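> Let chain E serve as the given structure and place chain G on it in line with the hints.
So the chains spell out like this:
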Amino acid sequence: MIKKNHCDYSRCQLTTLVVLRVIIGWYFLYEGLAKLLTPGWTSYGYIMDSQGIFAGLFKALGQNQSLMPLVDAINIYALIIIGLFLVLGLFEKIGYLGAIFLLVLYYLSHPAALHTTYLFPPEGSYLWINKNIVMLCAVVVLFVFPTGKRIGLDRIIFKNKKA
Amino acid sequence: MSTFENKDNKNKTNIENSEQNISKGRREALKTLGTVPVLGAMAYGVYKKTKSERANRLATDIFHFQELPSPVLVTEGDVIRIGIIGAGRRGISLMRAIGFATPQNIDKLKKDAELNSQDTRYKDFLEQEDLNVKITAVCDIFDTYAERAISAGANIHREGLNGKYGEKPKRYLNYKELLVAPDVDAVIIATPDHWHAQMTMDAIKAGKHVYLEKPMSWTVPETYALRDIVRNSKVVFQLGHQNRQIETNKRGKEIIEKGLLGPITLIETSTNRNDPNGAWVYPIHADANPNTIDWKQFEGDPDRVKEYMDYMTSNGLAKYVGPEARDKFSLERFFRWRCWWDYSTGLSGDLLTHEYDAINQMMNVGIPDSATSSGGVYFFKDGRTVPDVLQTTFEYKEKDLAFLYSATQASQFKRSRKFMGHDATMEIGNSITITVDARSEKYKEQIDKGIIEPGKPFYNYTPGQKEVDAVTSATQLYFAERGLLYSYVNGKRYNTTFLHLKEWIDCIRSGEQPSCGIEEGFQEAITAHMGTRAYLEGRTMYWDAEKEEITKG
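Each protein sequence line maps, in turn, to chains E and G. Residue numbering for the first sequence is -17 to 145, as defined by this note's numbering. Residue numbering for the second sequence is 342 to 894, as defined by this note's numbering.
Bound-form chain E, shown alone:
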């Protein structure tokens, strides 16, 4: 029986899906590296600028002096690891799930809701849907149409299983 996810993409479909995976991976990887390379970087300002129904929760987190270094480290390394997974096609699905998790958190802390004004102004105009949501949807699409076992290190790792 042919499994659903074993159906082949056309060359064009595969190429565009891989390109999308790699550029989203690049985005995550550089976001992580830039934070890692900035001395003293902290998400404190961003977190304290949270709005929407979860704002209280995020701000409480921001004010917790003992938890903030951990929050910053998790954010930085999660971005880097997710970025590497997506670019390399390695543990691809874990990478997508991680990306979805971070993007959901970013959206919840800075929702593009009505009557929200942020200290960090966004570079566009949004109503409910912002770029984080768009990227989130793109990652969900990639999760449904995986490519790592065709172009990527998952090809070796899952070779035996595939056979």
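Hints are computed from structural coordinates only; laboratory data are not their basis. Note that the structure is a prediction, hence the values are computed from the model and not measured. Take these hints with a grain of salt, some might be off.
Unchecked claim - Below, computed lysine to aspartate or glutamate pairings styled on DMTMM-like, alpha-carbon distance capped at 25 Å: (1) G:K365 to E:D(-10); (2) G:K392 to E:E13; (3) G:K372 to E:D(-10); (4) E:K41 to G:D460; (5) G:K594 to G:D460.
Frame of chain E; chain G shown alone:
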């Protein structure tokens, strides 16, 4: 088909197979590792980008700060018993700063926190350190204010209405009675300006430590008398310029002392407000009337009033006195006393002193050589005698420095406090931003190499950030310009008035000198008086440093 031909065909197939295998292997490798070069591209990009960000590293290298000492809580020893003299708007907020709020105020904070989960004032207040002090005495000449202060003083568990309270502080109708009370070690004075120096002198004579709201004095002669009395006593005197506790001011001082701005020739500061409250048109309390207010005591100390009147009349300034008779009861004058010279020191004493003391804190400028002022009542034509627009320029000849203060109470346009140096300008408020000057000699090499872009913010420091950092992005700059709302000490958020009162209380216990003592206070008062006299008399005022006298130009 011959055997030979068969062999030949087999060989051919083997070769083809092995070629196929090799090419299959290549394809396999390509499919597996095809995206790896992307990481190479990123590594190259990051290398290039990091190299171009040398300017940021340079900023961090140049503006490297010392670690500020953590505030040590000195609460050992006996409870310090505090008396409150003057429990109006400022007095009650000073009480709250040391942990004593009215139950009504606590209920309001609670309610606000319930309505808005981001409002942490109630939580912050409950968590604020206990300074091991007690309010034992209260004096206010308005009954309602006195009762309010009593309920705050008794609220030792920081509870709302129907809570459990401690012993009520005793009310005194006259501050002189409070000063002889044996259960008072120290007093907090937050009365109108015309009472500041007199009450402080009386308190010191009675052996009480004093925290006095700014400005230090109302008349010039009392300024000298107060200095002498404090100098010859052992009490701890702190003037209420809480800016002394602001972290950015301490950082600004370090930057200036390291010479990072080059020679500073001009400091520009301002006050911009645009509401009745900001223009001292405070609400009049419904319970206030001649029966609930001791007007006689409000009028002032006769000796001080005489000093004021002597100066005004002998300099042809009678038009600034009154206009109502001093002994005539007036609710307006009682609640909005800042609007009349009869009780007030105007913009100079109320708001210029904040700016001046911050500058004195950072640069130890001392008393200026001269002061020139201009201004007028341009917007609030409500019968006030003090101006609502004021410009004062102070010159420091030996320091090659001018300090310009400019204020209006009818526009709240934001103007930053600027220290203009030959090499860079520092804007300092809730955050510090430094812009390197295009003609700087100190940074010429870095400017020529393109490492520093002159005219654009080069360095920013926002308290609460983990470490100092350069302006690495537009968003960070934006964040910095808005500033954070709180004062930080090594990353912990504090109310600056609490820190300033805490310093005074700590000094009472340790015997050390607080940051805004009598010498700083004397400089503050004389500077403000020079600005005021320059405005009133319409001419430049000079400071004769040898004789320690204000002289006319």
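> Quick one, are G:K392 and E:E13 close enough, alpha carbons at most 25 Å?
Measuring from Cα to Cα gives roughly 17 Å; hence the hint holds.
> Does the structure keep G:K594 and G:D460 at a Cα separation of 25 Å or less?
violated (33 Å)
> Given the hinted pair G:K372 and E:D(-10), is their Cα-Cα distance within 25 Å?
holds (15 Å)
> Hinted pair, alpha-carbon criterion (25 Å max): E:K41, G:D460. Please report holds or violated.
Answer holds: E:K41 to G:D460 is near 11 Å, not above 25 Å.
> Given the hint that G:K365 pairs with E:D(-10), does the C-alpha gap stay at or below 25 Å?
Cα-Cα ~18 Å, so holds.
The structure is inconsistent with hint 5 alone, although it conforms to all the rest.
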